[in-house]
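Using the hints provided, position chain U relative to the given structure of chain X.
Listed here are the chains, written in short residue letters.
2 protein chains.
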Amino acid sequence: MQVNDVVAYIQAGRDRFVADLKEWLTIPSISGDPGRAADVRRSADWLADHLRAQGFPTVEIWETSGHPAVYAEWPAEDPDAPTVVVYGHHDVQPVEPLDEWDTDPFHPVEQGDRLIGRGTSDDKGQILFHTLGLRAGLAASGRQAPPVTIKLLVEGEEESGSAHFAELLRARRERLACDAVVISDTTMWSADVPSMCTGMRGLTEAEVTLRGPSRDLHSGSFGGAVPNPLHAMADLLAALHDADGRVTVPGFYDDVVPLTDEERELFARLPFDEDEWLRTAGDSRAAHGERGYTTLERIWARPTAEVNGMWGGHTGPGGKTIVPAEAHAKISFRLVAAQDPSKIQMAFESWVAEHVPAGVEAEVRVPGGGVRPCFSPIDSAGVRAARRAMERAFGTEVLFTREGGSGPEADLADILEAPLIFVAVGLDGDRIHAPNEHVEIPRLLKGAEAAAYLWEELATALR
Amino acid sequence: MQVNDVVAYIQAGRDRFVADLKEWLTIPSISGDPGRAADVRRSADWLADHLRAQGFPTVEIWETSGHPAVYAEWPAEDPDAPTVVVYGHHDVQPVEPLDEWDTDPFHPVEQGDRLIGRGTSDDKGQILFHTLGLRAGLAASGRQAPPVTIKLLVEGEEESGSAHFAELLRARRERLACDAVVISDTTMWSADVPSMCTGMRGLTEAEVTLRGPSRDLHSGSFGGAVPNPLHAMADLLAALHDADGRVTVPGFYDDVVPLTDEERELFARLPFDEDEWLRTAGDSRAAHGERGYTTLERIWARPTAEVNGMWGGHTGPGGKTIVPAEAHAKISFRLVAAQDPSKIQMAFESWVAEHVPAGVEAEVRVPGGGVRPCFSPIDSAGVRAARRAMERAFGTEVLFTREGGSGPEADLADILEAPLIFVAVGLDGDRIHAPNEHVEIPRLLKGAEAAAYLWEELATALR
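Chains as they are written, first to last, in the UniProt record's numbering: chain X, 1 to 463; chain U, 1 to 463.
Check the hints yourself; a few may be wrong.
As the list claims (entries may be wrong) - Cut-off 20 Å, straight-line C-alpha distance, at most; resulting in silico cross-link-like pairs (EDC-like, lysine to aspartate or glutamate):
1. U:Lys343 x U:Asp254
2. X:Lys22 x X:Asp102
3. X:Lys320 x U:Glu207
4. U:Lys320 x X:Glu207
5. U:Lys343 x U:Glu354
6. U:Lys320 x X:Glu403
7. X:Lys320 x U:Glu403
Calculated from the structure, these hints are not laboratory results.
The model shown is predicted, which means the values in this text are computed figures rather than measured ones.
In isolation and in its complexed conformation, chain X is listed as follows (with noise of 0.2 Å):
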């Protein structure tokens, strides 16, 4: 296969690419807007009917408990050849607020290069790039099947939250069984520095309650005699963290796969400005963490726990001086691998109750299981293959990063038990989730090229 191939393949099918994909991007399919059901349906169905014109031997409509997934498979020549799930979504964030759009969000508008309109970058142009990339791939090698089982698996919930989505992953197992994971939902450091995202951190959330007096006592009467449970709450916080930014909790970090020096290198390599970052972090006035790390590894590679909240006694306008029943707090770790988040609970119910002074009492509830870190290490074959196959199409080294936030992504490597691998061309500046979401036309054929080449690369490595 010759780039030039691939490339002019890809150029040749620029118009009819772009053409299907504002076909797509018409259909407001608002998984969060139960108005959008049906919209999310026809979403489903256009993809289901372009998978099919594309080639896809098998091209199924998965039906979940709320919106529906589209499945399509297009097994490899070699019947020993490795499987790759290709993950994605269908369904597209809110629009509000409307009147901070300069088009219409369902009504795609091309300005240059840019194509602006919801679901351009978050996650329909994603997606649609490994088809053209696909069919670029076996035209320039022309095969009639892909060097690898490719397995596209396209969901219709993730912007309200994949409620769904590990139900369904459980339920279709077999059908889903892998080598690995491609995931195509996130973004590069920027249009001139392409990287691949190696993990997600995860999240567990507390909410403790603190309780001393069975009522608010007058301070006067008793203020200086009983416990307060917003003293106790300040220093059960306050304790959180020791004088090095480190989380106290025991065992906190025992299971906290440490950052490789080669991975701090390339992460150091990225052309961080963190006057830039202090100002998009709402003018924070200083960067502040864990003693010993970046900015950088800290929010992506490192554990946290923060205090999202805090409440008790006297809120209101004016002085009220008592002592109070109660104080409150909400808590939540972001977790990186290969922490447990109920382990990280239990372990976070123990300290609170071992640090709860005598005459407050102390309730730790825990919302939910909490979502599992996820990461890939850049060393593995699979994360090499990619790392190829993206310097090849963008012609130059490709870095690493991570994502700090947490996403369905932990579901498919634990129930599928495949390694995941973030094969992805959004941007930051893409205006995800926000008015004008956009996205530059030329970036998603790089993607289609990287696609192109990435079957190939895999191919070799997983076998």
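Only chain U this time, still in chain X's reference frame:
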């Protein structure tokens, strides 16, 4: 003067005293209810008439910007005799919830020795015992005038915050010139354990706001790398006390007049039941406070810093994984003699400024000037004289208490530049400020008896 003469006079005057008090109690002088302004004035007029009938040569209604006070003066025969201001108030608390009263709050009812109604104990009953006591003293001694010059000042706004009281004291400072101020608006330990209050704590308040990012940030994208104002607030408030429960603000204890061994010893003789006290303290599970002090010492004679309210970030249902923009806390300090509210405020502001981490901005708002503490040393001539008068009336040793709360009494001491002497017979069990307020008539008569001896004792002691 024979005790028996005083006692016989008081017993003979009992019915007239109760009848007069009941008449006054029917006037609903609720100063906090704007609709009762005419009743507060009627109450002042009633008292003025009563004082004239009791023989006070000078009786005046003193207008304020709010409700009127009553002033009455009875000069001593000896022009060199000391002068004593007697303080009380003729307004009463609201009566809600009305359906929890067993009787009409403004139709006082006798049940055996008990008199039930709003104002029976706080404070009409305690003002009226003074006129009975004064006349008993005169009758028993055969004098036409008291042994000290008595200046009775009965305000009409105590239950609504004494808003214009300091103003009144300043305006009438010359007329109110005195050697001591007797306060008849506090309580004794119990009916069996007569006692005198020797001080009330002062108060100053502050509201702290800590600001981090200009808006709430997503904790996935930024958590662990920017300062979290809630963490800073927890650190700040946790640092406000040391491991011994002492306030860490530099200079906080500098002006505290320490408890004397004698006062501690006398406090320790009060029959204090900590388990019972914990029940009244909202079923608090343990006593807790400054190391080295008993519970009574902590609430009466030691200064405190108490967090009354704290809030920030997400406080509603469910989770919201944010780094919040702001954190808030309301803090009050109970002060003891001779701490100065404005000095403590300034020390706290400096302390906050020094304890806020980089990247967090602090603002401290102080809602007002605060309330100064007041204190009467138990070995002062006035307190010793009043104690002798109380012991003669009750026929037993009189112990000492203090009050943990704060009131306008400190203004009397400050503006009139005179020591305070607390002579009162109220009890915590009198349900003042609550439904079914009551008093035992024999206890008021003991108050009258103490008042009868008081002037004679003070005439010698203050000369």
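Starting from the hint list further up, note which numbers the structure goes against and sort them upward.
none
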